[in-house]
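Line by line, the protein sequences give chains L and C.
Last residue of the first sequence? That's 187 in the numbering used here, and every number before it is there in order.
Last residue of the second sequence? That's 160 in the numbering used here, and every number before it is there in order.
It is possible that some hints are incorrect.
[To be verified] Once the Cα atoms are required to be at most 25 Å apart in a straight line, the calculated SDA-like pairs of lysine to any residue come out as:
| hint | chain 1 | residue 1 | chain 2 | residue 2 |
| --- | --- | --- | --- | --- |
| 1 | L | 122 | C | 132 |
| 2 | L | 107 | C | 85 |
| 3 | C | 90 | L | 152 |
| 4 | L | 122 | C | 90 |
| 5 | L | 122 | C | 154 |
| 6 | L | 122 | C | 94 |
| 7 | C | 40 | L | 109 |
| 8 | L | 107 | C | 138 |
| 9 | C | 90 | L | 121 |
| 10 | C | 48 | L | 117 |
Think of the hints as simulated: they come from the structure by calculation, not from any bench.
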Amino acid sequence: MKPTDTLLSALLYARVMAVMAGAIVFVPHDRILAHDGASDNHQGAHSSAKPATADVEIVVQEGGHPVLKGPQTHGQVLTLVAGEPIVLALRNEDHGPREFISPLFTKTEIHFLGRATGIFRKDAAGFRLSPGDTLTLQFTAPFSGFRRMYDLIWCGHDGKPGADLQELLIIMTEEKQPHAASETHGR
Amino acid sequence: MHCCLVPLMVLAMVLTSGSRLAFAQADEREYEPDVILVIKEKAFHMVKGNASGQHSEHPAFSLSSGEEITLELRNEDTLPHEFVSPLFAKVEFQFWGRATMVYTYTANGLRIDPGETVGLRFDLPKDFNGELFKFWCNVHGKLHGDVLQGEIFVVKPKHG
Chain L
1 MKPTDTLLSA LLYARVMAVM AGAIVFVPHD RILAHDGASD NHQGAHSSAK PATADVEIVV
61 QEGGHPVLKG PQTHGQVLTL VAGEPIVLAL RNEDHGPREF ISPLFTKTEI HFLGRATGIF
121 RKDAAGFRLS PGDTLTLQFT APFSGFRRMY DLIWCGHDGK PGADLQELLI IMTEEKQPHA
181 ASETHGR
Chain C
1 MHCCLVPLMV LAMVLTSGSR LAFAQADERE YEPDVILVIK EKAFHMVKGN ASGQHSEHPA
61 FSLSSGEEIT LELRNEDTLP HEFVSPLFAK VEFQFWGRAT MVYTYTANGL RIDPGETVGL
121 RFDLPKDFNG ELFKFWCNVH GKLHGDVLQG EIFVVKPKHG
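Whenever a hint applies, use it, and build me the whole structure from the sequences.
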């Protein structure tokens with residue numbers, strides 16, 4: 001084998017390896033960890049940030065209707081327990097920007113991670129996500145004083161939140177029932 | 001000799017190319033801030049941006065009506081700090097990073113934990129007619145009557 005051939009084959013091999021290494025480096029984390037929440041394309045803003053694993057996802061798919069995913073969901077209803085923490089991922093898989101607006105977001109501290117547009121209004125707050133983006137929210141379900149409290153999340157677009165009833169999701173927050181105490185009394 | 005040389009060359013090329021890619025990604029920002037505010041020692045320090053008003057008591061920046069500003073907020077303190085304003089009830093703001101929403105009757109905004117950096121971009125209202133827009137920390141720059149103290153950042157109208 002000539003030295004030039006050896007050098008050429010080495011260069012070719014190196015290019016292949018470099019491309020493979022590059023592919024590994026450039027694959028966005030949200031593609032690898034499908035349920036890990038926020039996309040990691042904004043590392044300049046928070047290089048230390050690591051998204052928590054979402055308990056529940058709200059996914060707006062092509063066509064615009066939101067879908068709830070997770071063990072605490074049933075159709076269009078998400079059930080929370082007052083005083084307990086929840087990690088909620090908002091995903092926009094539609095072609096246009098989508099908004100996730102709710103009065104609930106004004107009733108408790110919302111910790112967020114990701115990239116979005118924040119919207120504060122008098123009685124509700126929320127986020128607008130660009131196509132392909134994910135925002136992870138972490139909060140404690142608020143106490144209302146009622147056994148059950150209902151809130152809506154409007155998954156709208158173009159500043160017309162909830163124009164279609166199918167764009168609404170219901171969040172039902174329940175007070176924890178004192179099962180242990182009642183069982184004790186019953187004995 | 002060649003069989004030893006080739007893997008070494010390959011290893012070196014892969015390592016250098018990989019590390020270059022990693023560094024390029026770490027430095028990547030999706031926004032270019034007009035202003036960088038470092039929060040520490042109970043004050044907002046403007047480390048990037050054309051300060052408006054040399055005699056201003058607080059860090060300030062000038063903008064025209066409808067103009068856009070991109071801020072980077074870096075909390076270099078050991079405590080969480082807030083960045084709130086009545087302006088955020090009027091305008092939407094784009095953000096990048098990790099923070100907590102702050103929603104009150106008087107002002108809305110973000111709380112940033114120690115060590116975190118958040119990018120914020122928003123437009124001034126079109127009818128911005130000369131009033132000052134103030135941003136402060138509810139934790140350390142609370143309102144005392146009409147006087148703001150401590151951590152305050154001001155956006156002033158641009159003349160001419």
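Evaluation of the provided hints:
1. L:122 / C:132: Judged against 25 Å, a Cα distance of about 22 Å means the pair holds.
2. L:107 / C:85: 19 Å, holds
3. C:90 / L:152: 23 Å, holds
4. L:122 / C:90: This hinted pair holds, its Cα atoms lying about 10 Å apart.
5. L:122 / C:154: 24 Å, holds
6. L:122 / C:94: 19 Å, holds
7. C:40 / L:109: Roughly 23 Å between the alpha carbons, so the hint for residue 40 of chain C and residue 109 of chain L holds.
8. L:107 / C:138: Holds, at roughly 18 Å.
9. C:90 / L:121: 8 Å, holds
10. C:48 / L:117: Roughly 23 Å separates the two Cα atoms, so the pair holds.
The structure agrees with every numbered hint stated previously.
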